[in-house]
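So the protein sequences, as listed, match chains A and B. Start counting the first sequence at 1; every next residue gets the next number (our numbering). Start counting the second sequence at 321; every next residue gets the next number (our numbering).
You may find that some hints are simply not true.
Derived DMTMM-like pairs (lysine to aspartate or glutamate); straight-line CA-CA distance at most 25 Å [stated by the list, open to error]:
| # | chain 1 | residue 1 | chain 2 | residue 2 |
| --- | --- | --- | --- | --- |
| 1 | A | K87 | B | E648 |
| 2 | B | K538 | A | E55 |
| 3 | B | K538 | A | E124 |
| 4 | A | K7 | B | D607 |
| 5 | A | K87 | B | E650 |
| 6 | A | K87 | B | D405 |
| 7 | B | K649 | A | D93 |
| 8 | A | K180 | B | E601 |
| 9 | A | K7 | B | D631 |
| 10 | B | K649 | A | E124 |
| 11 | B | K649 | A | E55 |
| 12 | B | K649 | A | E89 |
| 13 | B | K538 | A | E228 |
| 14 | A | K87 | B | D647 |
| 15 | B | K649 | A | D121 |
| 16 | B | K649 | A | E228 |
| 17 | A | K7 | B | D405 |
| 18 | B | K538 | A | E99 |
| 19 | A | K181 | B | E601 |
| 20 | A | K87 | B | D655 |
| 21 | B | K538 | A | E200 |
| 22 | B | K731 | A | D93 |
Example chain B residues on the side facing chain A (calculated, C-beta under 10 Å, incomplete) [stated by the list, open to error]:
| # | residue |
| --- | --- |
| 23 | A525 |
| 24 | E528 |
| 25 | I530 |
| 26 | A533 |
| 27 | L537 |
| 28 | K538 |
| 29 | G539 |
| 30 | P541 |
| 31 | Y606 |
| 32 | D647 |
| 33 | E650 |
| 34 | A654 |
| 35 | D655 |
| 36 | A759 |
These aren't lab readings, by the way, just hints derived from the structure by calculation. Computed from a predicted structure; not experimentally measured. Backbone N, C-alpha and C fix where the C-beta goes; we use that ideal spot for every residue, glycine too.
The chain contents come next:
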Amino acid sequence: MTSPIGKDLLALEPLTGDQIRLILDTAEPFKEISERAIKKVPTLRGKTIVNLFFESSTRTRISFEFAEKRLSADTVNVAASGSSVQKGETLVDTARNLEAMRIDMVVIRHGSSGAAKFLADRIESNVINAGDGTHEHPTQGLLDLLTLRDHLGDLAGRKVCICGDVLHSRVARSNLWGLKKLGVEVGVCGPRSLLPNAIESLGVTVFDHIEEAIEWADALNILRLQLERMHAGYIPSLREYNRIFGVTSARLEKAPRDLLILHPGPMNRGVEIDSDVADGPHSLILNQVTNGVAVRMAVLYLLAGGNAQLAEAAKGQGER
Amino acid sequence: MSIARRVPNVEPAAPTLLRGGRLLDPSTGLDSPGDLFIVDGRIEHVGDRLESTPDGAEVMDCTGLIVSPGFIDVHCHLREPGREDVETVATGARAAAAGGFTAICAMPNTSPVTDNQAAVGFIVRQAQLANAARVYPIGAISVGQMGEKLAEFGEMVGAGAVALSDDGKPVVSAQLMRTALEYARTFNVPVIDHCEEPTLADGGAMNEGIVSARLGLKGIPAEAEEIMAIRDILLARRTGGHVHLAHMSTRGSVELIRWGKERGINVTAEVCPHHISLTEERVLGYDTNAKMNPPLRTAADVEALREAVADGTIDVVATDHAPHHYDEKEREFADAPNGIVGLETALAVVVTNLVVPGLISWSTLVDRMACTPARIFHLPGGTLRRGTVADITVFDPDAEWTVDPTTFLSKGRNTPYAGMALRGRNRCTIVEGRIVYRASVT
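For reference, chain A alone in the conformation it holds in the complex (with noise of 0.2 Å):
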């Protein structure tokens, strides 16, 4: 039985408003579990899950995992690193191998752009992409949506502007969609060498200068800048950057409005943002974390086949 949002949770961009919403409303039930006592509901038990990280991750690996643990299912986590990956396996040797062993679903993250839905296309079992390449993220985008929706209330009509290495951000492709869906205006801001060179024509506004982009919006979604960047010629110091492109609160005192402050983590800080912004009253940056096990456990919850409107039933009466 295909849910609402389809089999596999493979990227925003296919998806529409109404199925981002229903993510969004279905999560909300979910927030409360994680601040009980016993953080535990029966509603995936029996399921068996594989966590399958080709990529180190610490957060994204840790929130799905918590997500599952904390709905009862059966999660097993494979890193590429000591697994037959690294004795030469194949991708699509390693699909077929895990439907041998008649799981229920997957979560990939993996560092080429496309392997979750290359993934998704061989196997039965659901599939969610925890970050494939620098294509898309699509549980970051939405944890990110529910951060800004607690926040503003109805997105629509506001303004978010992606901030760094729009390029080679994963992050920023979900997000850009995501935003866009709820009826977001986005914005960018980075330098050109960082921005895909046709990203007006997906429909955004691009900012040279940061203090225009912090003019302009409602939020900042501030990308992590990899110091491979550097090393690869797009830019050509960390230090530079940030008196370029560093949001610092310097700068946010200049904006006509408070700015909520964004950020995917981990932080490079004292490059794309300062510690007095991070740590600041408008940082929203661990709000996102919390709201990460929220969203994937409704992703969790409703690729099972779990009903939207069940999900208040679902969390159960709970041991408090």
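Using the hints provided, position chain B relative to the given structure of chain A.
Structure of chain B alone, referenced to chain A:
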């Protein structure tokens, strides 16, 4: 199993009468129904219907079919030596014959590289044994295709090479390209370049544009091709050498070639069937059979390339036939190899995308696939003139068929056209009077 000494299995060809077809040969301006009679591998008669069937002649009814000079593909990869599991000279030559090609030119990016007279001679011998389409070797420009030291053009041409190329890799050094164009003049063979500025194209998996931005795949900008195309055109102007630009894929390249030709520069160019039929949108879904280099481009590029075939700015259609093992294509997009097979779909893709919509005539199709390749690469064939070698293709212009890769004679199955309905199909391929392919359909 012992390796037996093999002798080409060439029986003397029987006289053959191709009766009642549409004789179409732009090289002589011929376009009329009639008969073509082949004796001893030569065209004995072409034109009016013969009163009676000559004694001992095999008669083939060609009613409703086009009889044209045999198609010549100036760009394919046969993988032998080195990857005989993927394709051999023999299987490639048979696939070519099935697709209507009487001759194909094999690129030298084999393992080891075809960069010396012995390696060229090996391809020639394997082609003789295959007894299918002719296979002409292309020699490497540089030793080992390393882009440093000029290979021995003279000896390779002496052994049977018809052109020179480091295809698969661009000639990065402008000085090497200049020298190659100068040195090749003695031997009167074209120097073929795979135009790709390597620092711009580095790591790219598809066209740079809106689709690459959406898919999160590293793009190859059109300028990576165009910068090298204009460099090569300018070097051809400087040296007077003949530069042939392989697999042109962008609107800008077309404009640059036009610019060069208007100035009398000795530049010729080819386009592949996939670049005049598919766009970058085909990559959506990460289908590795839509991955090739140069990549599928935009609809505007496709339109410009189609016009360029029609007006002659692009001289020839060439397949860039590139078989790969299915395991190698069945993987993550960025890691999959570039290229698709093309010999057995080329005719139908060109018919369906250029002739059927009225962009080119049947005569222009034959010119771009047979006459002009022969002329610019100085090869036999490309004409139905009486007395010339009988390299002939007989094809059905109206046949409708659905591409089924499992029926390919090539070992490669990597095609983006699987399941697609196309029009136009080869019926019979004749090389030096011998029937090397005949369709089983009626």
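Hints and how they fare:
no.	hint	result
1	A/K87 / B/E648	17 Å, holds
2	B/K538 / A/E55	19 Å, holds
3	B/K538 / A/E124	30 Å, violated
4	A/K7 / B/D607	20 Å, holds
5	A/K87 / B/E650	18 Å, holds
6	A/K87 / B/D405	24 Å, holds
7	B/K649 / A/D93	14 Å, holds
8	A/K180 / B/E601	21 Å, holds
9	A/K7 / B/D631	49 Å, violated
10	B/K649 / A/E124	21 Å, holds
11	B/K649 / A/E55	22 Å, holds
12	B/K649 / A/E89	15 Å, holds
13	B/K538 / A/E228	16 Å, holds
14	A/K87 / B/D647	17 Å, holds
15	B/K649 / A/D121	15 Å, holds
16	B/K649 / A/E228	29 Å, violated
17	A/K7 / B/D405	37 Å, violated
18	B/K538 / A/E99	31 Å, violated
19	A/K181 / B/E601	22 Å, holds
20	A/K87 / B/D655	17 Å, holds
21	B/K538 / A/E200	17 Å, holds
22	B/K731 / A/D93	23 Å, holds
23	A525	8 Å, holds
24	E528	6 Å, holds
25	I530	4 Å, holds
26	A533	4 Å, holds
27	L537	5 Å, holds
28	K538	8 Å, holds
29	G539	7 Å, holds
30	P541	7 Å, holds
31	Y606	3 Å, holds
32	D647	7 Å, holds
33	E650	5 Å, holds
34	A654	5 Å, holds
35	D655	6 Å, holds
36	A759	35 Å, violated
Consistency with the previously given hints fails for numbers 3, 9, 16, 17, 18 and 36, ordered from lowest to highest.
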